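Protein chains in written order, with our numbering: chain C, 1 to 111; chain Z, 1 to 115.
Keep in mind that the hints were calculated from the coordinates and are not lab data. Note that the structure is predicted; figures quoted are calculated from it, not measured. Some hints could be false.
Claimed, not checked - Straight-line alpha carbon distances no greater than 25 Å define the calculated BS3-like cross-link-like pairs of lysine-lysine that follow:
#1 Lys41(Z) with Lys78(C)
#2 Lys78(C) with Lys110(C)
#3 Lys55(Z) with Lys14(Z)
#4 Lys55(Z) with Lys66(Z)
#5 Lys20(Z) with Lys64(Z)
#6 Lys110(C) with Lys41(Z)
Stated by the list, open to error - One side only, chain Z facing chain C, incomplete, derived with CB under 7 Å:
#7 Gln60
#8 Val62
#9 Asp65
#10 Pro86
Each residue gets a CB set at the ideal place from its N, CA and C atoms; glycine is no exception.
Next come the chains, spelled out residue by residue.
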Amino acid sequence: AQTVTQSQPEMSVQEAETVTLSCTYDTSESDYYLFWYKQPPSRQMILVIRQEAYKQQNATENRFSVNFQKAAKSFSLKISDSQLGDAAMYFCAYRRGDMRFGAGTRLTVKP
Amino acid sequence: GAVVSQHPSRVICKSGTSVKIECRSLDFQATTMFWYRQFPKQSLMLMATSNEGSKATYEQGVEKDKFLINHASLTLSTLTVTSAHPEDSSFYICSAIDRNTGELFFGEGSRLTVL
Numbered sequence: 001a002q003t004v005t006q007s008q009p010e011m012s013v014q015e016a017e018t019v020t021l022s023c024t025y026d027t028s029e030s031d032y033y034l035f036w037y038k039q040p041p042s043r044q045m046i047l048v049i050r051q052e053a054y055k056q057q058n059a060t061e062n063r064f065s066v067n068f069q070k071a072a073k074s075f076s077l078k079i080s081d082s083q084l085g086d087a088a089m090y091f092c093a094y095r096r097g098d099m100r101f102g103a104g105t106r107l108t109v110k111p
Numbered sequence: 001g002a003v004v005s006q007h008p009s010r011v012i013c014k015s016g017t018s019v020k021i022e023c024r025s026l027d028f029q030a031t032t033m034f035w036y037r038q039f040p041k042q043s044l045m046l047m048a049t050s051n052e053g054s055k056a057t058y059e060q061g062v063e064k065d066k067f068l069i070n071h072a073s074l075t076l077s078t079l080t081v082t083s084a085h086p087e088d089s090s091f092y093i094c095s096a097i098d099r100n101t102g103e104l105f106f107g108e109g110s111r112l113t114v115l
């Protein structure tokens, strides 16, 4: 079974600084997708970034980028120039068919 | 972008009653939908996979007779919590896969409170 591990229950970053959220996963598959979702207090799941496993190039979306290490089964999220609105729960997710989530990391942004 | 709508967004019911939550894909067809449960300060846990026109597939530990799932059309899946108890109080989130693109979209979630 696929498992997703987020080892940081909470992280804090100063506004305008950079923070990296960690995620590792376990799978025997070679073709899959990885995601980072943001969940604000409204509980709506907001897609931050996605990565196809077959692509070697790390995905980027504006201030958000990932470090995808397929051999190490690692998928970290880097948030640059952190903003107050980035504060939320962040979930790493693995998808091959259905989608499985890590335990989440609560990000606090300090002004 | 694609929209998945859940209804109701909030529901309060008495213990022992049944509650139905709907998940609709508004601008795409979804042969597959997923139901998740999220307890406070926890992650989303997959409960079941809903397939249009066939029986749902339940995750280990999820009672299929308690959580009835029906996926009667390509745009609608329903989750019925039967004989609800206070421990069933949770946030229920559905997601749907666009049959054309394969992309997955989430609903806004439904908060169930059982008194």
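Hints versus structure:
A threshold of 25 Å between alpha carbons decides the hint, and for Lys41(Z) with Lys78(C) the separation of about 23 Å falls inside it, so the pair holds. For the suggested pair Lys78(C) and Lys110(C), the alpha carbons sit about 17 Å apart, so the restraint of at most 25 Å is met. For the suggested pair Lys55(Z) and Lys14(Z), the alpha carbons sit about 28 Å apart, so the restraint of at most 25 Å is broken. For the hint linking Lys55(Z) to Lys66(Z), the alpha-carbon distance of about 14 Å falls within 25 Å, and the restraint holds.
The suggested pairing of Lys20(Z) with Lys64(Z) holds, with an alpha-carbon distance near 14 Å, which does not exceed 25 Å. Proposed proximity of Lys110(C) and Lys41(Z) is supported: the alpha carbons are some 21 Å apart, at most 25 Å. With a least beta-carbon distance of about 10 Å to chain C, the hint placing Gln60(Z) at the interface is violated under the 7 Å criterion. Because the beta carbon of Val62(Z) sits about 13 Å from the nearest beta carbon in chain C, more than 7 Å, this interface hint is broken.
Given the 7 Å rule on beta carbons, the hint for Asp65(Z) is violated: about 22 Å separates it from the nearest Cβ of chain C. The closest approach between the C-beta of Pro86(Z) and any C-beta of chain C is roughly 20 Å, which is over the 7 Å cut-off, so the hint fails.
Figure legend: structure checked against the earlier numbered hints; hints not met, in rising order: 3, 7, 8, 9 and 10.
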